[in-house]
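A.B. asks: Here the protein sequences come in this chain order: A and B.
Its first residue numbered 14, the first sequence is counted upward by one per residue in the working numbering.
Its first residue numbered 10, the second sequence is counted upward by one per residue in the working numbering.
Honestly, I wouldn't trust all of these hints.
[Stated by the list, open to error] Just a sample of chain B residues kept apart from chain A, beta carbon distances all over 12 Å, derived: (1) L15; (2) L257; (3) A310.
[Stated by the list, open to error] Straight line, CA to CA, 20 Å or less: simulated SDA-like cross-link-like pairs of lysine to any residue: (4) B:K730 / B:P748; (5) B:K288 / A:T28; (6) B:K288 / A:V36; (7) B:K288 / A:Y45.
Please keep in mind that the hints were generated in silico from the structure rather than gathered at the bench.
Backbone N, C-alpha and C define an ideal beta-carbon position, used for all residues, glycine too.
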Amino acid sequence: MVAAGFVLLLPPLLTAFDHAGTVWGVPAIWAYLFAAWAVIIGLSALAGRGRG
Amino acid sequence: MLPTWLVLIVSFAYLASLFVVAFYGDRRADAGRSLISGATVYSLSLCVFATSWTYYGSVGGAARTGMSFLTTYLGPTLMFALGLVVIRRVIRISRRNKITSMADFVSARYGKSGLLGGLVAVIAVVGATPYIALQLKAVSGTFELIQRHPTTGPGAMPPWEDPACYVALLLAGFTILFGTRHLDATERHEGVVAAIALESVIKLVAFLAVGLFVTFGLFHGFGDLFRQAADAHLTQLFSLGVGTGDWLWLVLLSMGASVLLPRQWQMAVVENIDGRHLKRAAWLFPLYLLVINIFVLPIAAGGLLSFGTSTNPDTYVLALPMAAGQSALTLIVFIGGLSAATGMIIVEMVALSTMVSNAVVMPLLLRVAPRMVEERDARQLVLTVRRVTIVVVLLLGYGYFRLAGQGVALASIGVVSFAAVAQFAPAVFGGLFWKGATRRGALVGLSAGFAVWVYTLLLPTFSDTGWPPASFMADGPFGIEWLRPQHLFGLNGVDSTSHAMFWSMLVNVGGYVLVSLWRPPTARERSQARRFLGVRRDPAETWQWRNRVTVGELRTLLERFVSLPPDDVLRECGRQHDFAPTAQAGPELIRHVETSLAASMGTTSARILIASIAGEEQLRVEQVIEMLDEASKVATLEERHRLARELHDSVSQALFSMTLYTRATELAMQKEGGDPAGAVARGLTELRGLTQGALAEMRAALFQLRPDSLHEDGLAEAVRKRAMAMSAREGLEVTVQAPDDRLHVDDAAEEELFRVVQEAMHNSVKHAQPTRISVRMGEHPEIAGALLIEISDDGAGFDPDAPRTEGMGLNGMRERMTRIGGELVIDSRPTGSTTVRAVLPGAAPRQARTP
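Pulled out of the complex, with its shape left as it was, chain A reads as follows:
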């Protein structure tokens, strides 16, 4: 999960969405960052529950 977090939120994967126009009417980079962010938060919530 640590690796996933870093890969998702740091370049170079990120640069693929830079200036990538829009997806469903919103900026692609904006949509991507928030989606990836939400996924990581969800994963860590699940991990916490699993441990508990």
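With chain A fixed as given, assemble chain B onto it according to the hints.
C.D. replies: Coordinates of chain B only, in the frame set by chain A:
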């Protein structure tokens, strides 16, 4: 539009309600019914991370450079979602050693160094000053905006008209009232935490309100908003905004800041009442940051579309509802911004005042003017120092804002502070994992990193004031070009933050590591390091004091410096001690009193106070001997390894070649028609047997020389080798039945199991004269998941209950098994064979556990 008086009244009413909440929180805490005992309140208190920078500055940042504002919030997500182990450890160590600030934490880790603690406190204060200025600037700027509406434009107010000045004074009052109410043994401030959690809710609600209004009120949803932005060619909104390297640095910076900022440390570590709360905070805190950031980009887009660049983008959040004539919303937004600013300032002040009083002023007073402390109520003195610190630091922040912060974007001021606290990262995090880190290393690294930070980041923020002169920035000091603050040694092509971080981290980490390696840690540093590294319990007390100390003397110290009843504090150490005033206090009790003193006075002062009655600490004699033993053990081990390696390379290889040659000679002789029953052939066979035996013996000896080969080979393989050697030496049959899979045990348990098997085989040979021994390892047929090792022989048995068995090491074997949570069963009769069974629950080979 909004009249100024209304804004002022509502603001004061809001701040007054904070006082009420804090007061109520403290009352509940005193009554033992904590208001903040939930994980959610803890998570919300961490959201003090979101300040005016988030509230106003993010939109400004997004309008200027696109998505790069998000780095500030992605870092904490990574830290809390993924670096939780580290935070949990910091909390546990702090609780155990009653550490109440980061300065004390660092000082305690590196041999209770007063100098180091003081340095941390100073860096924290200097680093926080721009950040406090940022909050004041936001309050002042937004108030001005409302006041001057509809005219916009710059205008400097004298301080007495500047609301930031009054806000600063009011907040100083709040913090003094609730942050320094009394000297607490834990430095927890429940009232403050309750108020901060409330503020987190308010700023979130207010920000979401304005976000929804802009997106769905002023525009028709996200699609419409971004379509218009695209049409207007606002391309920065669709980009990362910074280079990839800068993005990385910014994320790393905010990762560190989410724990190392004084207010974050205060909330996450000091005010934590239950370590389990961290589990919820791990996702709730990042989730809060995500939610509060959703509307940042839409508001930035809306602001750019509505105002263009004529308005400072840092004020869009307020300017948009204001321009639309939404008075009520404007007021809500202003209060939200006020709560973001006040929350930060209050907690920062609590944290900084604790640090300054405990790590700088009190140690200085105790050393330089002990009389002064003697003559006064020491606890009152500490509180006074903290109160003065609060006022001074707030004035510093205000001064910085008036002097250097006028024309700059909010976010860029904040990053300066992030970079300052990032300097703590090597000393704090390194100290948690690296045993060899030393006080000197931390001192050199920290001060070098801080110096570079001052030169490359802090100094340039003053450039608008005329000092340093513009030529200093452009051409370097005295025209030396490679010393230009923002292009040190000619480094070009990165932004000023990345530039400063690169150089400061280079000298910080470099100094820390190299100096630590250069001189090994002293005995005191090592004994402190042991309290911080890995161990779940405190190591046994290894120090003693020079003078004889009585319980009465310790009591007097506690009476003077700790607000809890001294007898309660003493009893916490355990009831086995003699608490009569004339009784001699043992080292454990002295250490306990020192820790308790540290909770209210700081690590350094506590050490000075204890030394004042007990003399300097010194290592116990046993400890010195143990250290020598340890050193010689290491030397012996190295010698054995060397020997094993050489024997393996020379003798072992030679023996192996000899068996091959003997076999080859045998075959050659058969081919040439030699007599298979002749003397030569018999001699050769005998020779081959002997060489093979010698080789097996040699391998077993090598195995004994290198204990860690057990962990390389695994238990089964090790037992096989042992058995082979034994059968070669004793001329009996030893069979081993074992699965090849690794056992489900740790190194220590593996070692104990091996010794038990070895001992059992040895006993058998020595006492039973068997012809065969068999060893069987596998899952226990009756207990699921348990490992069963059976060692049986066909020799003469014995009565396991007879006193004669004492000499057979059975007790030792039993002890070994008990130590690793297993048991030993011996089945033997004087008339028959013997079977020794070792059972270890949960340790069956992995393969065997899955059906």
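A.B. asks: Each hint should be assessed against the structure and marked as holding or not.
C.D. replies: Results of checking the hints against the structure:
no. : hint            : in the structure
1   : L15             : 36 Å, holds
2   : L257            : 6 Å, violated
3   : A310            : 9 Å, violated
4   : B:K730 / B:P748 : 15 Å, holds
5   : B:K288 / A:T28  : 32 Å, violated
6   : B:K288 / A:V36  : 34 Å, violated
7   : B:K288 / A:Y45  : 26 Å, violated
In summary, the numbered hints that this structure violates are 2, 3, 5, 6, 7.
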